[in-house]
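Top line first, the protein sequences correspond to chains A and B.
Start counting the first sequence at 0; every next residue gets the next number (numbering that gives the first Met the number 0).
Start counting the second sequence at 0; every next residue gets the next number (numbering that gives the first Met the number 0).
A hint or two may mislead.
[Said to hold, decoys possible] If you want the ones that stay clear, here's a sample from chain A, every Cβ over 12 Å from chain B, calculated:
1. Val41
2. Tyr79
3. Ala88
4. Ala91
5. Glu97
6. Pro118
7. Gly120
8. Thr121
9. Ile122
10. Val124
11. Thr144
[Claimed, not checked] Derived DSSO-like pairs: lysine-lysine, alpha-carbon spacing no greater than 27 Å straight-line:
12. Lys168(B) / Lys151(B)
13. Lys116(A) / Lys129(B)
14. Lys138(B) / Lys90(B)
15. Lys134(A) / Lys129(B)
16. Lys168(B) / Lys114(A)
17. Lys155(B) / Lys71(A)
18. Lys51(B) / Lys134(A)
19. Lys109(B) / Lys155(B)
20. Lys78(A) / Lys151(B)
21. Lys47(B) / Lys134(A)
22. Lys105(B) / Lys134(A)
23. Lys129(B) / Lys78(A)
24. Lys71(A) / Lys47(B)
For the record, the hints were derived by calculation from the structure and aren't laboratory data.
Note that the coordinates shown come from a computational prediction; the quantities given were computed from them, not determined experimentally.
For every residue, glycine included, the Cβ atom is placed at its ideal position computed from N, Cα and C.
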Amino acid sequence: MFKINFLATLSIYAFLFAACQQTPEPKAATAEELSQMNRDFVKALNAKDAVAAANCYTEDATILPPNEAPVKGRANIQKYWEGAIAAGAFDAEVATTETGSNGDLGYEIGRLQMKIKMPDGTIVVERGKYTELLKRGADGKWLSTHGMWNTDTLALK
Amino acid sequence: MQLNNFFSFMATCIALSIFTVACNAPANDAATKAAETVVAQPDMAKIKAEIKAIEDAWAAASNAKDVATIVGFYADDAISMNDDLPMLVGKADIQKGVEAEMARRKENAKTVFETLDLYGDESRVTEVGKTTQTDSTGKVIYTGKYMAVWEKRNGKWLTIRDISNDDAK
């Protein structure tokens, strides 16, 4: 009798031990979470706050702007957006069309619109699309590691 | 309490104690964390080699103006986002875009794709890459960059989304 009980106990123990060794499923990210980075970014850009805009990227992030070489590192990204703000960029908008993630890596794809006040005072509306490669930090916040966009037209060229 | 029941009770207690201790091991146990990390890591070198092989075949198809082969690298529901063009949604749209691109392509131009970064796992990766085009003399006539989201479907890597732009104004 003792032997049977002991074996049963061991079986339960083995089952519980196996169960506790299972790797927990990574927490699935929602579209809301994955698109928050760009909402924060646009808010910062429209407030002409390049520091806050740069803080939407990881320290080692790279942005890949059209018609320019890649810009690497948060400090350089901040300078890039300072330049864009100084050049007349304002009233930016983004609309997420798609998100996806595996574990702590994700992406966001969407459409963008930005107004640019030209030196002669005219306002050009630039429309395009973008892809952000995102990484979830220890605090749960998603930041961009790579951001790329392009325009739908040749408006500014 | 009978002796057998007592032993059984004690055995259960010991087993549950071991289980509890095992399941509540300190999170900062470096050896455990390292072991878990090793198990969880995808073989990115292997994936990168697979993607590189496709990129090389893609470049060869571009150099040969082989539209059908290029379009075959895309999933049926792919979206391609090229510079200065609206989104191309689906293979039929992408084919028209590739045909237009091949028509604009300079004769004897040679394209090379270089994967700079690759993130993801065995089922989906995002690639960041560089495009270089040279003329027949080897002079660089174009440089650009791209990001592509790849998904493995039925054992085959397919581009589901890509975006590109030029380096030069």
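Here is how each hint holds up against the structure:
1. Val41: Valine 41(A) is indeed farther than 12 Å from all Cβ atoms of chain B, at 18 Å.
2. Tyr79: 14 Å, holds
3. Ala88: Fine: 17 Å to the nearest Cβ keeps alanine 88(A) off the interface.
4. Ala91: Label holds. Min Cβ-Cβ 18 Å, cutoff 12 Å.
5. Glu97: Given a closest Cβ separation of 7 Å, the condition is violated.
6. Pro118: With a cut-off of 12 Å, proline 118(A) remains clear of chain B, as the shortest Cβ separation is near 17 Å.
7. Gly120: Per Cβ check, glycine 120(A) is outside 12 Å of chain B; nearest 23 Å; holds.
8. Thr121: Holds: least Cβ distance 20 Å, greater than 12 Å.
9. Ile122: 20 Å, holds
10. Val124: 15 Å, holds
11. Thr144: Incorrect as stated: the minimum Cβ-Cβ distance to chain B is 8 Å, not above 12 Å.
12. Lys168(B) / Lys151(B): 35 Å, violated
13. Lys116(A) / Lys129(B): The hint is violated at about 31 Å.
14. Lys138(B) / Lys90(B): Roughly 33 Å separates the two Cα atoms, so the pair is violated.
15. Lys134(A) / Lys129(B): 21 Å, holds
16. Lys168(B) / Lys114(A): This hinted pair holds, its Cα atoms lying about 19 Å apart.
17. Lys155(B) / Lys71(A): 32 Å, violated
18. Lys51(B) / Lys134(A): 23 Å, holds
19. Lys109(B) / Lys155(B): 26 Å, holds
20. Lys78(A) / Lys151(B): 38 Å, violated
21. Lys47(B) / Lys134(A): Satisfied, since the Cα-Cα distance of roughly 19 Å is no more than 27 Å.
22. Lys105(B) / Lys134(A): 39 Å, violated
23. Lys129(B) / Lys78(A): Satisfied, since the Cα-Cα distance of roughly 23 Å is no more than 27 Å.
24. Lys71(A) / Lys47(B): 22 Å, holds
The structure shown violates the earlier hints numbered 5, 11, 12, 13, 14, 17, 20 and 22.
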